[in-house]
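Chain by chain, the residues:
2 protein chains.
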Amino acid sequence: MPLLVVGSVAIDNVETPHERRDDLLGGSATHFSYAASFFTGVRLVGVVGADWPAKHTELLKSRGIDTTGLSVVGDGKTFTWTGRYHDNMNDRDTVAVELNVFGEFNPVLPEDYRQAKYVFLANGVPTVQMDVLSQVPGRRLAVADTMDLWINTAREDLDRLLNQLDGLVLNDSEAKLLTGTENLVVAGRQILEMGPKFVIIKKGEHGAMFFSEHETYVMPAFPTENVVDPTGAGDSFAGGMMGYLSEQDDFDSATLKTAMAYGTLTASFNVEGFGLERMQKITREDIERRMQDYRRMLSF
Amino acid sequence: MPLLVVGSVAIDNVETPHERRDDLLGGSATHFSYAASFFTGVRLVGVVGADWPAKHTELLKSRGIDTTGLSVVGDGKTFTWTGRYHDNMNDRDTVAVELNVFGEFNPVLPEDYRQAKYVFLANGVPTVQMDVLSQVPGRRLAVADTMDLWINTAREDLDRLLNQLDGLVLNDSEAKLLTGTENLVVAGRQILEMGPKFVIIKKGEHGAMFFSEHETYVMPAFPTENVVDPTGAGDSFAGGMMGYLSEQDDFDSATLKTAMAYGTLTASFNVEGFGLERMQKITREDIERRMQDYRRMLSF
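Just so you know, the protein sequences line up as chains A and B, in that order. Heads up: take any position in the first sequence, counting from 1, add 3, and you land on the numbering used here. Heads up: take any position in the second sequence, counting from 1, add 3, and you land on the numbering used here.
Among the hints, a few may not be true.
To be verified - If we take Cβ atoms under 10 Å as the criterion, some of the chain B residues that face chain A in the derived model are: (1) Asn186; (2) Leu187; (3) Glu208; (4) His209; (5) Met212; (6) Tyr220; (7) Met222; (8) Pro223; (9) Phe225; (10) Asn229; (11) Ala257; (12) Met263; (13) Phe303.
Stated by the list, open to error - Subject to a maximum C-alpha distance of 16 Å in a straight line, what follows is the list of computed EDC-like cross-link-like pairs (lysine to aspartate or glutamate): (14) Lys179/A / Asp90/B; (15) Lys260/B / Asp296/A; (16) Lys80/A / Glu107/A; (17) Lys58/A / Glu280/A; (18) Lys120/A / Asp253/A; (19) Lys200/B / Asp253/B; (20) Lys179/A / Glu196/A; (21) Lys260/B / Glu218/B; (22) Lys179/A / Glu228/B; (23) Lys260/A / Asp296/B; (24) Lys120/A / Asp169/A; (25) Lys58/A / Asp26/A.
To be verified - Coverage of chain A stretches by chain B, computed from C-beta distances (three or more under 8 Å per stretch; other residues unrestricted): (26) 88-96; (27) 184-190; (28) 213-224; (29) 227-238; (30) 254-267.
Everything labelled a hint here was simulated from the structure, so no lab data went into it. Every residue gets a Cβ at the ideal spot worked out from N, C-alpha and C, and that includes glycine.
Sequences are here, hints too, so could you generate the full structure?
Okay, here's the thing in structure tokens:
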């Protein structure tokens with residue numbers, strides 16, 4: 004079952020305590036698509052400028068990702084993000100952001116994309132996210148990400164969006180900001196009351212929490228010594244999770260839990276290299292092998 | 004198999020964003036003993052002053068804890084700790100510490116305590132911890148806790164202690180301080196090289212990590228909405244874990260993992276009340292019920 008994702012496609016410059024790398028293929032929809040491509044066909048909607056290297060599109064296509072929905076604005080520049088990670092590799096400073104063509108992004112879905120059943124709205128303006136939803140009226144599952152910026156500046160729009168979603172994925176600091184509580188279990192339950200049928204709070208190196216009417220659980224991150232670049236980990240998590248749900252064409256409680264585990268593992272590979280470098284070296288079999296380790300780790 | 008614990012017995016004053024409570028029964032050895040008492044007989048070694056309320060000793064005795072090793076210094080005062088928790092209920096400031104009789108603590112073990120097979124050295128001066136070890140030459144398993152103070156001021160003693168231990172339990176910030184690395188997986192592996200056969204890094208609300216020569220795993224904390232007072236959570240974790248190992252009289256890889264889970268659960272109850280208040284209301288059956296939930300949470 005193909006999976007639709009709408010979000011940013013970007014050029015990233017990343018500085019860690021160990022290395023600086025420029026001109027990396029980045030963006031939320033990119034990391035999401037790549038991770039999801041191990042599980043299902045992906046239809047990507049995004050926008051880039053004239054500076055966008057054709058090789059990036061080729062890389063996505065080579066993974067079976069449909070890039071029909073990737074618009075190229077001939078007189079524009081691609082969204083660029085430059086970030087610097089702290090010693091703990093968890094906190095980071097945004098050194099520079101140039102929204103460029105992404106600032107005017109008003110996605111119009113190609114006709115065949117509108118039949119999508121599984122939809123992921125990567126972080127973006129809530130009104131734009133809602134506009135996308137209106138273009139996929141026959142969807143079965145709609146999940147979105149958000150960020151502090153919209154919680155602070157577009158709360159009413161975000162509240163309306165929350166009422167249209169099946170699932171919301173956000174990180175721990177955003178969950179605290181959205182609810183005004185420091186306890187993540189309380190926060191997760193409060194966000195459920197805002198509309199979504201399930202809520203996933205990402206805790207970075209500490210894993211992710213899941214909340215639905217009848218379930219609350221935590222899945223730890225897969226422990227890795229080799230954190231090279233955490234950029235896109237959250238989107239890779241969402242990509243692995245949504246990719247698996249689309250593959251199974253199901254989102255009952257048990258499938259959602261297994262999907263959380265796949266998301267955890269795709270994210271664990273993503274952080275082991277800059278940009279998508281590590282992801283380009285793995286196969287579905289590598290994910291399955293790590294899944295065996297992960298299941299062993301959690302059973303006693 | 005009885006379990007020996009040596010550590011602080013204290014009077015705590017705790018302030019949270021919601022409430023302030025004074026004269027709570029506290030101390031590392033106290034929280035440890037109480038948690039362990041759900042699993043095994045405990046022999047407690049500690050020191051208190053003339054101000055120590057007899058009802059506290061009675062409470063410990065009522066749990067089957069042997070308090071023969073609890074010395075009362077007639078002309079001294081009990082160790083007192085006053086702390087204030089931040090809004091996140093994870094960070095805290097120590098407002099006041101009066102070591103009192105604990106400052107001169109030189110534990111001499113009662114004769115029958117010296118046959119102990121399972122030994123836990125709660126946080127204390129490394130030379131004192133080593134002196135205790137020398138009094139239990141026939142031990143099967145010795146595990147210790149430590150803290151930033153000793154890492155900073157008694158590093159050589161601590162290094163010697165590490166070579167005599169089977170296991171070390173410490174929290175995430177201490178593991179980073181001890182190794183100078185920010186990645187906890189790397190830190191855990193490096194501490195293994197300092198001597199202990201296994202290392203457990205406690206991450207508070209994010210659970211605990213386990214490291215041995217052949218195993219690395221993470222166990223998430225049990226998610227609770229109801230964090231009333233986190234004081235003693237780490238000691239309750241260690242108590243539940245060591246209590247289960249003593250009960251099983253085994254510490255192979257599988258038993259250690261189940262013990263980590265029991266530690267996680269005893270800690271999850273401990274934080275649901277001030278001091279030992281919540282712990283006084285539960286039974287082994289409550290722990291087993293939560294264990295069923297925890298196993299369900301981690302299986303997919």
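Okay, the hints, checked on the actual structure:
1. Asn186: holds, 6 Å
2. Leu187: holds, 8 Å
3. Glu208: holds, 8 Å
4. His209: OK, holds: His209/B within 10 Å of chain A, min 4 Å.
5. Met212: With a closest approach of 7 Å, the Met212/B hint holds.
6. Tyr220: holds, 4 Å
7. Met222: holds, 7 Å
8. Pro223: holds, 4 Å
9. Phe225: This hint holds: Phe225/B lies near chain A, its Cβ roughly 8 Å from the closest one there, short of 10 Å.
10. Asn229: holds, 8 Å
11. Ala257: Cβ of Ala257/B sits 7 Å from chain A, so the hint holds.
12. Met263: Result: holds, 8 Å to nearest chain A Cβ.
13. Phe303: This interface hint holds because 4 Å falls under the 10 Å limit.
14. Lys179/A / Asp90/B: holds, 11 Å
15. Lys260/B / Asp296/A: Satisfied, since the Cα-Cα distance of roughly 15 Å is no more than 16 Å.
16. Lys80/A / Glu107/A: holds, 11 Å
17. Lys58/A / Glu280/A: It holds: about 14 Å lies between the C-alpha atoms, which stays within 16 Å.
18. Lys120/A / Asp253/A: holds, 11 Å
19. Lys200/B / Asp253/B: Within the cut-off at roughly 15 Å; holds.
20. Lys179/A / Glu196/A: holds, 15 Å
21. Lys260/B / Glu218/B: With a Cα-Cα distance of about 10 Å, the restraint between Lys260/B and Glu218/B holds, given a limit of 16 Å.
22. Lys179/A / Glu228/B: holds, 14 Å
23. Lys260/A / Asp296/B: Within the cut-off at roughly 15 Å; holds.
24. Lys120/A / Asp169/A: holds, 12 Å
25. Lys58/A / Asp26/A: holds, 12 Å
26. 88-96: holds (count 3)
27. 184-190: Holds, because 5 residues of the region 184-190 of chain A bring their Cβ atoms closer than 8 Å to Cβ atoms of chain B.
28. 213-224: Held - the region 213-224 of chain A has 6 residues with a Cβ nearer than 8 Å to chain B, which meets the minimum of three.
29. 227-238: holds (count 3)
30. 254-267: Since 5 is at least three, the answer is holds.
Violated hints for the displayed structure: none, as all numbered hints are satisfied.
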